[in-house]
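*Asks:* Each chain, letter by letter, is given below.
There are 4 protein chains.
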Amino acid sequence: MKVGFIGTGTMGQPMVNNLLKKGFAVVGYDVAPAALEAALRLGAAPAGSAAEAAKQGDLVITMLPSSAHVESAYLGPGGVLEGVARGRICVDMSTIDPGTSRRVAARLRERGVRFLDAPVSGAVPRAVEGTLTIMVGGDARDLEEARPALAAMGTNVIHVGDVGAGEVAKLCNNLIAGVAMVAVSEAFRIAEGFGVDPKILTQVISKSSGSTWVMEHGHPVPGIVEKAASSRDYAPGFMTDLMAKDLGLAVNAARELRIPVAVAPAAQQLLRLASSHGFGRKDFSSVYRFLEPSSREAPV
Amino acid sequence: MKVGFIGTGTMGQPMVNNLLKKGFAVVGYDVAPAALEAALRLGAAPAGSAAEAAKQGDLVITMLPSSAHVESAYLGPGGVLEGVARGRICVDMSTIDPGTSRRVAARLRERGVRFLDAPVSGAVPRAVEGTLTIMVGGDARDLEEARPALAAMGTNVIHVGDVGAGEVAKLCNNLIAGVAMVAVSEAFRIAEGFGVDPKILTQVISKSSGSTWVMEHGHPVPGIVEKAASSRDYAPGFMTDLMAKDLGLAVNAARELRIPVAVAPAAQQLLRLASSHGFGRKDFSSVYRFLEPSSREAPV
Amino acid sequence: MKVGFIGTGTMGQPMVNNLLKKGFAVVGYDVAPAALEAALRLGAAPAGSAAEAAKQGDLVITMLPSSAHVESAYLGPGGVLEGVARGRICVDMSTIDPGTSRRVAARLRERGVRFLDAPVSGAVPRAVEGTLTIMVGGDARDLEEARPALAAMGTNVIHVGDVGAGEVAKLCNNLIAGVAMVAVSEAFRIAEGFGVDPKILTQVISKSSGSTWVMEHGHPVPGIVEKAASSRDYAPGFMTDLMAKDLGLAVNAARELRIPVAVAPAAQQLLRLASSHGFGRKDFSSVYRFLEPSSREAPV
Amino acid sequence: MKVGFIGTGTMGQPMVNNLLKKGFAVVGYDVAPAALEAALRLGAAPAGSAAEAAKQGDLVITMLPSSAHVESAYLGPGGVLEGVARGRICVDMSTIDPGTSRRVAARLRERGVRFLDAPVSGAVPRAVEGTLTIMVGGDARDLEEARPALAAMGTNVIHVGDVGAGEVAKLCNNLIAGVAMVAVSEAFRIAEGFGVDPKILTQVISKSSGSTWVMEHGHPVPGIVEKAASSRDYAPGFMTDLMAKDLGLAVNAARELRIPVAVAPAAQQLLRLASSHGFGRKDFSSVYRFLEPSSREAPV
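Line order of the protein sequences matches chains P, Z, H and E.
Reading the first sequence from the start, the letters are residues 27 to 326 in this note's numbering.
Reading the second sequence from the start, the letters are residues 27 to 326 in this note's numbering.
Reading the third sequence from the start, the letters are residues 27 to 326 in this note's numbering.
Reading the fourth sequence from the start, the letters are residues 27 to 326 in this note's numbering.
Note that these hints are calculated values from the structure, not bench results.
Watch out, some of these pointers could steer you wrong.
[Said to hold, decoys possible] Example chain P residues on the side facing chain E (calculated, C-beta under 7 angstroms, incomplete): (1) S92; (2) D267; (3) S301; (4) S302; (5) G306; (6) R315; (7) E318; (8) S320; (9) A324; (10) P325; (11) V326.
[What the hints assert, rightly or not] Simulated crosslink set (EDC-like; lysine to aspartate or glutamate; CA at most 16 angstroms straight-line): (12) E:K28 with E:E171; (13) H:K233 with E:E242; (14) P:K253 with P:E242; (15) E:K225 with E:E242; (16) P:K47 with P:E155; (17) Z:K225 with P:D188; (18) P:K28 with P:D84; (19) P:K225 with Z:D188; (20) H:K28 with H:E97; (21) H:K47 with H:E155; (22) E:K233 with H:E78; (23) E:K225 with H:D188; (24) Z:K28 with Z:E78; (25) H:K28 with H:E78; (26) Z:K233 with P:E242; (27) H:K81 with H:E108; (28) P:K233 with Z:E242; (29) H:K225 with E:D188; (30) Z:K28 with Z:D84; (31) E:K28 with E:E78.
For each residue, glycine too, the CB sits at the ideal point set by N, CA and C.
Let the sequences and hints guide you as you build the complete structure.
*Replies:* Below, the structure written as structure tokens:
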């Protein structure tokens, strides 16, 4: 089986590699020549456009950085829509806004093409291992057809609902994780200000109503959770920039749905600010560092 | 052993009851006559002032609604400081700001009186059962002396650190829990807007980085977690008003420590607003209800 | 001179009326039949689509509720692009995001069609009077050509810069006005809590660094500024829903530009929440009402 | 007439100087020996404590950095209350929380001592010129008695209301000014992102609903308003740290009054964060600098 793989950047490359290792043929395309060359070195065949990659593939996979890229790669000149055959399945594994997923799916459907949104969690390390979690929106039978290829890249493939539901699940999860990380960071800064031992506080909270995955696995205070990014100088992990993007997508979805939200935009803007001040490519738990207290000289 | 118990309100009464049941004598005082009478009906003896209750008790326990009440009950006219004997231990179980705990402790220390701050979590239901979690700040040996009385009221007594550390732990835990509840509510409102099934989304998130205690045990969407307040029309549980108070104490502590915070004040103000609009005495998970979308007529 | 006018809703109708009164012929179109009929009663001729209105007009004017409507009216099936002749000028007077203005302008330019974005301020009352302020982005010579038609609808026509700059000016102005109104409301709620006379406070602030147009002309406390919406039970004026929309557009623009913002999203979400709770169609100064204090029973 | 002046720090010194120049005798006190010595060099006589300064003065003036300092200087050991004679007037010119003003006033009243709260605006430059604005709370007749001394330091002395009202007016004004400055900064960052000329935008907004004192006089973009701090590398003017403090006092007052607020805490926390990252002692308009966009590499 041949996969047309569009978007062979940092995340796409290890995914292509795993497809190849599991016996899939891959024809790759990327607007950036360097990214495409990296895929060719792994063993993919080249395509000159998204349309061409889509034409040659039995299945189309896209892995792109933003809603605008996805819209352009599917619907723009030289895009998937121009090359893909009726009846094929396209799987968009990008993290984008669910409204875009639905618009793209609708346009493909008009041409008899099926669409799944299938964003991933786990970032580069788990993309390399082939152990991504993949949240899928779309028809369950379409997912079954696409599952072998997805299983080459991830170990946890979950059907969430109709088209867009994969994106919704990812954004909602990341909204909570992003906000919770900021909350944990604020709490431990306050505790630190009072001289309370963060290890003991961690033990207390982990058995109480404040317990969260992010504290247990990604504790922002260095030296408490050994595997956490904070214990290796906040090397990601999951970058502040990516979390700021996902929170932004969630907040923008709320805007379009006329839903009032409060903590998601507060966390989004704080991470955006942290990004502006040098923490963008650190793990998002580095927001703890960014929340340093003012000088003791400052009036209160 | 006789306990001078000051503050026999809604939370204090079941605590007094458990002390009496475990064989402690209790001499009670409350500024509100009705609250004191309730304690007398349970079997406590009356005192005419905090000073008198403190004088008669081998141990002093206070359970009051705010920092100002605690300051007044200890240091004001007719307060504990006027009645308590040298060498005694005072245990303040109120949820107040840690700075006040430290100021009160310092004033007591000048007179040779020991102090523990020991706020509780679990609210009225667990106060009734005698299964509160009690977070204690102060000297570890003082805690050992006070432990039998605390054990009459709670099953989980944790020594967190020096004076104030009990309050810090409670506020930090509740900061995270309060913020996380708002985040979960925002996420599920967005999912709802996209028509995603909240049960499936709950399953996905519970295995991912967005997993939190509050979603697992206090899910704000009715019908998903059977024991959650949302499934009984948001009957508390832990009231919005109390969570707004605790978030406010945490944010104010951050202010005094010159620590920047972002999601805690956003959650605090949202709960305050929910309180102004009728959700104050509902469980704090009712913030989900408050976050209802605007009319579909509204321009976006 | 004949104007193809697309979007004959609440704002569009008085604008059409003023064009007709000043001697312009108008051929109107609206997706909503009722809106179109209203324009016909005023004396406009009907068109069966945006394309047809654009084809018949010497000048095209659009006045639509959202970015999506504008995109569709220009670029969708039956849209302006299908009917407009080379060399014509299109003036979009909607309040939408500047990025959309630029995308539409670029697509029109490919066909040799010129574009101005020209959002208005002043709302329905000034649309009726023909005294709108019109902020224009695009080529200055194109503006001179379109100026007679614009002058029929507004008295203050300002050239701000290139395409999109009209929208940017409007959103930036409304960002400040919207945030300032919330700030003024918060300040006067606090003053009220301390029993300070709002009239005296208004006098003090009006001569100090806190002076703002919104307090001087749209004071949110009833009875201080006679002409303010607050003094007629918050009848708009400028609706909460519209201010929430404009703040949302500004915040979304900041997101796409990677600019951190803090008070704009806080105001946006507060107005969104006010909208959800019944204040959407009131003047945006009614946010003062929405910020009512909690019950005095609530713990602090 | 002799003034007991307590708090001869950066602001207090020029105020003492103006009192001396206008013929008042001054007996000064400050907990910091260096601050006191500076006052002595100006011609003040020394006192060994606040009590002693109060005892010797016909009028007592305090100018201190925080609520805690004021409480201690009046009510603590060696404080004003120990030295001041019945019938005297104490004028506290510090910017503190109005609740503290009222508590101090009540304690003084028990001893027959009168109290005015009289915070100033104008910062060091206008303290030097003797042109401060002074907002006064307390009895109008007491103000008349104190007016000659106040007139030596400020040109605009306004009676706002009862005790605390001076502080309320100052905090409410600064709440609006602080929030508005952040809003203006956000708006101009967005405009900059779209390439709109800030001078033209300033002209547009200055005639529209977004007009504010802070844009007209303290424009955060360098080079637009010549006298603004932004045009001299953000040399204060009014420091970020002081605005963060005043916003914090306003937000804390709202908390104690159970008033929900949204933009004030958002601005407060942003300025606090700016302070933590090096902008604390710059003018508060430097928040514009702090709001710099993330790298264009960051995903959106």
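*Asks:* Hinted pair, alpha-carbon criterion (16 angstroms max): P:K253, P:E242. Please report holds or violated.
*Replies:* holds, 10 angstroms
*Asks:* Please work out if E:K233 and H:E78 have their alpha carbons no farther apart than 16 angstroms.
*Replies:* violated, 38 angstroms
*Asks:* With a cut-off of 7 angstroms, does the beta carbon of P:E318 approach a beta carbon of chain E closely enough for the hint to hold?
*Replies:* This interface hint holds because 5 angstroms falls under the 7 angstroms limit.
*Asks:* Does H:K28 pair with H:E78 here, judged by a C-alpha cut-off of 16 angstroms?
*Replies:* holds, 13 angstroms
*Asks:* Less than 7 angstroms between beta-carbons is the criterion; does P:D267 satisfy it with respect to chain E?
*Replies:* holds, 4 angstroms
*Asks:* Take the C-alpha atoms of Z:K233 and P:E242, compute the straight-line distance between them, and say whether it is at most 16 angstroms.
*Replies:* holds, 13 angstroms
*Asks:* May I ask you to test the interface hint for P:S302 with respect to chain E, counting a Cβ-Cβ separation under 7 angstroms as satisfied?
*Replies:* holds, 5 angstroms
*Asks:* With the threshold set at 16 angstroms, check whether the alpha-carbon distance from E:K225 to E:E242 stays at or below it.
*Replies:* At roughly 12 angstroms apart (the allowed maximum being 16 angstroms), E:E242 and E:K225 satisfy the hint.
*Asks:* Sort out whether Z:D84 lies within 16 angstroms of Z:K28, counting only the CA atoms.
*Replies:* holds, 5 angstroms
*Asks:* So if I understand the rule, the pair passes when the alpha-carbon distance is 16 angstroms or less; does H:K28 with H:E97 pass?
*Replies:* violated, 23 angstroms
*Asks:* With the threshold set at 16 angstroms, check whether the alpha-carbon distance from E:K225 to H:D188 stays at or below it.
*Replies:* It holds: about 14 angstroms lies between the C-alpha atoms, which stays within 16 angstroms.
*Asks:* Close enough to count: is the Cβ of P:G306 nearer than 7 angstroms to one in chain E?
*Replies:* This hint holds: P:G306 lies near chain E, its Cβ roughly 5 angstroms from the closest one there, short of 7 angstroms.
Comparing the model with each numbered hint stated earlier shows that hints 6, 20, 22 do not hold.
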